[in-house]
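Let chain R serve as the given structure and place chain W on it in line with the hints.
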Amino acid sequence: MATRITVNQRVQEIDAPADTPLLYVLSNELALQGPRFGCGLAQCGSCSVLVDGVETRSCVTPLSKVAGKSITTLEGLPAWYAEQRKLPSAPALHPLQQAVIDEQAMHCGYCYNGLIVKGAELLSKNPQPTDNQIRTAMNGHLCRCGTYPRMLKAIQRASRTMAGGGR
Amino acid sequence: MTTTATAFPRRDFLKAGGALLIGFTAAPRARAQQQADVLPGDPGQGPAQPDPDRLDTWIAIHADNTATIFIGHVDLGQGIATSLLQIAAEELDFDMSQVKTVRLETGKGPNTGNTGASSGVNRGGPRIRLAAAEARQALLRMASARLGAPVEKLTVAHGVVSVAGNSAQQVTYGQLIGDHRFEVPYTGKAPIKDYRTHKIVGTSVPRIDIPDKARGAYVYMQHVRMPGMLHGRVVRPRGQGSYADGARVMNVDAASIRDIPGARVIRRGDFVGVVALKEWDAVRGARQLRVTWDLPAALPATPAELFEKMRAAKSIDRLVLDRGDVSAAFARAAHVASGRFDSPYQAHAPFAPSCAIADVKADSAVVMCSSQGVYGARAPIAAVLKMPQEKVTVQYYQGAGSFGHACFNDAAQAAAVMSQETGVPVRVQFMRWDEHGWDFYQPAHSADVKIAIDANGKLLAYEYHGWHHTWSQTETTAQLAAGHPATEGDGLRAQALTPFNTGDMYAIPNWRIVNHRVPGLKGYLKGGNLRSPLDVAISFGAEQVMDDLAHIANMDPYQFRRQNIGDDRWLAVLDAVAKAANWTPRKAAANLSSAKVVTGRGIGLGTHLSSYGAAVAEIEVDKQTGVIVAKRMYGALEAGQAINPGIIESQITGMMVQAASRVLKEEVKFSATNVTSVDWVSYPMLRFAESPEVTAIVVKRQDQRSTGAGEEALASGAAAIANAFFDATGVRLREHPMTPARVLAALKNA
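Each protein sequence line maps, in turn, to chains R and W.
Residue numbers for the first sequence follow the numbering used here, beginning at 1 and rising by one.
Residue numbers for the second sequence follow the numbering used here, beginning at 1 and rising by one.
There are no misleading hints in this set.
The list that follows gives simulated cross-link-like pairs (lysine-lysine, BS3-like), each with its CA atoms no further than 27 Å apart: (1) W/K579 / R/K153; (2) W/K631 / R/K153; (3) W/K596 / W/K748; (4) W/K665 / R/K153; (5) R/K69 / W/K278.
If you only want the chain R side, here are some residues facing chain W, beta carbon under 7 Å, derived: (6) Y24; (7) G34; (8) G38; (9) Q97; (10) V100; (11) G146; (12) T147; (13) Y148; (14) P149.
Simulated restraints on C-beta separations: (15) R/N139 / W/M226: 30 to 40 Å; (16) R/N139 / W/Q288: 25 to 35 Å; (17) W/P261 / R/N139: 34 to 44 Å; (18) W/A168 / R/S124: 52 to 62 Å; (19) W/R290 / R/S124: 42 to 52 Å; (20) R/E83 / W/R196: 49 to 59 Å; (21) W/Q702 / R/L41: 38 to 48 Å; (22) R/Q9 / W/M226: 21 to 31 Å; (23) R/N139 / W/A312: 35 to 45 Å; (24) W/G269 / R/S124: 44 to 54 Å; (25) R/L41 / W/K361: 28 to 38 Å; (26) W/G730 / R/N139: 25 to 35 Å.
If you are wondering where the hints come from, they were derived from the structure by calculation, not from laboratory data.
All C-beta atoms in this analysis are idealised placements derived from N, C-alpha and C, irrespective of residue type, glycine included.
Okay, chain R solo, but in the shape it has when bound:
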């Protein structure tokens, strides 16, 4: 039986067993590259997506649990941001994606799916986070290359961009 989910603002009928983790649906059925396997145990944050705006580990979330819900992946963040901010059209990049580029934050970048998704969630709830609020919010996301200091700067930069009315 197909499960209906909305992914990056498009309705999708997914024909997969209900216990299939959402990650495998997004990676294989929908060929999305944002969410990716890191541990399969909800320990690292590599697979994070937004489910109705809430950061969720797709590797341990069965498809049945997100039926009828709206899922946003890294690829869908610009449109999600536009919707949140009531912009007439989606920017090319979410301000945090742009800030990550401007700060040259990443090394291998594999964890940046989770870091950016979680950071975007934080900024949507708290557009002016303090250092400690950033550190606390991001603490469930690991970066093996050790780029936390630059990601922190990227979130601060994105926060400034958003405060300036920037897209």
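Just chain W, lined up with the frame of chain R:
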């Protein structure tokens, strides 16, 4: 004479049970300049590879006036593709927008060996620079003929050749050769540019891969799919046992996954896997399959037993260096400090478990993987497949940062075996427990360090004994599926102590280094090169003893090091980091406090095979919980000519965070039968909330050759944290990770 509490063991290496080999005793200047010497082409070994002595192997110029640079090293996420293209653009007089590179694959790209030991820019850079210079020379000869002007009158900008004084006379590189081959030899003799004229080299060009990675468009190995492929997973014990023993299958109960109709068991020898059309079926099939393993209880049951076993082993002892008269110098010293230091096995644990796709046909195979060396991976894959290696093509796709010999080749072989068994392409991705549990770990290291000063605080003698096994070579798939025996590396170079990472920071008149190589096949874990191999352990020990001597001499630890350095390049990084940290002189542990949370600062030096690293750490220690937090770190690195200072700064930042992680958190845990740390809970690493603020300092020497910037500041960061702990508490920790349990025990015993 003063000594610290820990007695130096009386074991005399000359009388020890193992064989003594005399190593090189030449002056320890086997450093940057020498070790990075590169011949043009520097042909790699093996069949079916492009001729390194032909220019077309390295560079192609296209009709649209752009160039493709064929890079033999792989970008692991450290940014070397950007840096190497900068070198090519600089030498060719192209803009960055006019140069690109292509995916490395065997048979097409040059064989420049594995990407490791910071070789990407260190060894890859000169090859590309010389090739680009030679291409420019050839193009100028063509332009001279085309424009009827002597080469000396020609200038180039953006790939457009002009005649000086007559800007109307122009021709582009693309017009000169566009998509045709040079068909000339690569001599490596073309003159290169004076560094003072560089416009692109030495600037912080943004990395070429980051925009795609930020928006989710970058294709990692884990994203690749092939039509008609199956998903595969390996089935192994949760955590490896003794390396030579592998894992023996007693029984496979195929019926245990009968309720997953899409899943099929693959078995070859002791290699077990599950394949399925749907990835989830492969994942749960592999998890559910009941396999009975024979895992002998061949490992030491505890870390303490491990270190005693290593020290008692019949080691192969090599006198790496014996300068002056060490024994006599210790006898006349004013002060001696010493200590034993133990460093654990540590894991690469790439953030993405290793992944590969293999398409094995009757007489050929294509394998896509994240190997740090496609040519190095090819022969072992071919051996497992029982196929001539020229029939095997290996392609590189970036995965997550691997930091050395992780499981990438193991996964590639596993995919190859499963594809050969099924006759269709198979994509294998390791599960987290496979990657954590079947890694080639940084070998554990135990050290005896003893250093002496005279009455003026000048170094007199230095003696370092290190025990460790070397790097394992056989991939687990080859062991299990093909019965290939466990083998070890030669135990030399980066697998051993060297004068450069063991004392070179200082002017030491009497200096002895002994490498005790422990045979590592039986009863040890698989060993491999982890970013800055051995160096974290060496600096953790030696730099703490150096700090002890500063304390004994009543000196500030920075000033003490300063007066004992005999080399400008070491002095420059030490001064740079002290300046950045606003270091004010005082004796360590002079401000001890009875507060619950105390602070400390420490300084340290370290390196790998080349380049110069220094760090300062400012930490907090909670004396009730035992938790150490590195609040702020400063890292300085001099790696010769800085091709892209921004990328080096970024590398230093990552190294400081990893240093904190490795010295505070990381330890492979095991029982007598197998490794038990198989995920991020049982193998904790530093998290976001506890990561230090980092100041990164690139000390530039643009007149020198580039010596590698991927790992060499890591060890200094670890040493700085260890010394900061002493400054905060007045107590030394001689084992890492510096966990709360160890901190509390040390404070209690103080």
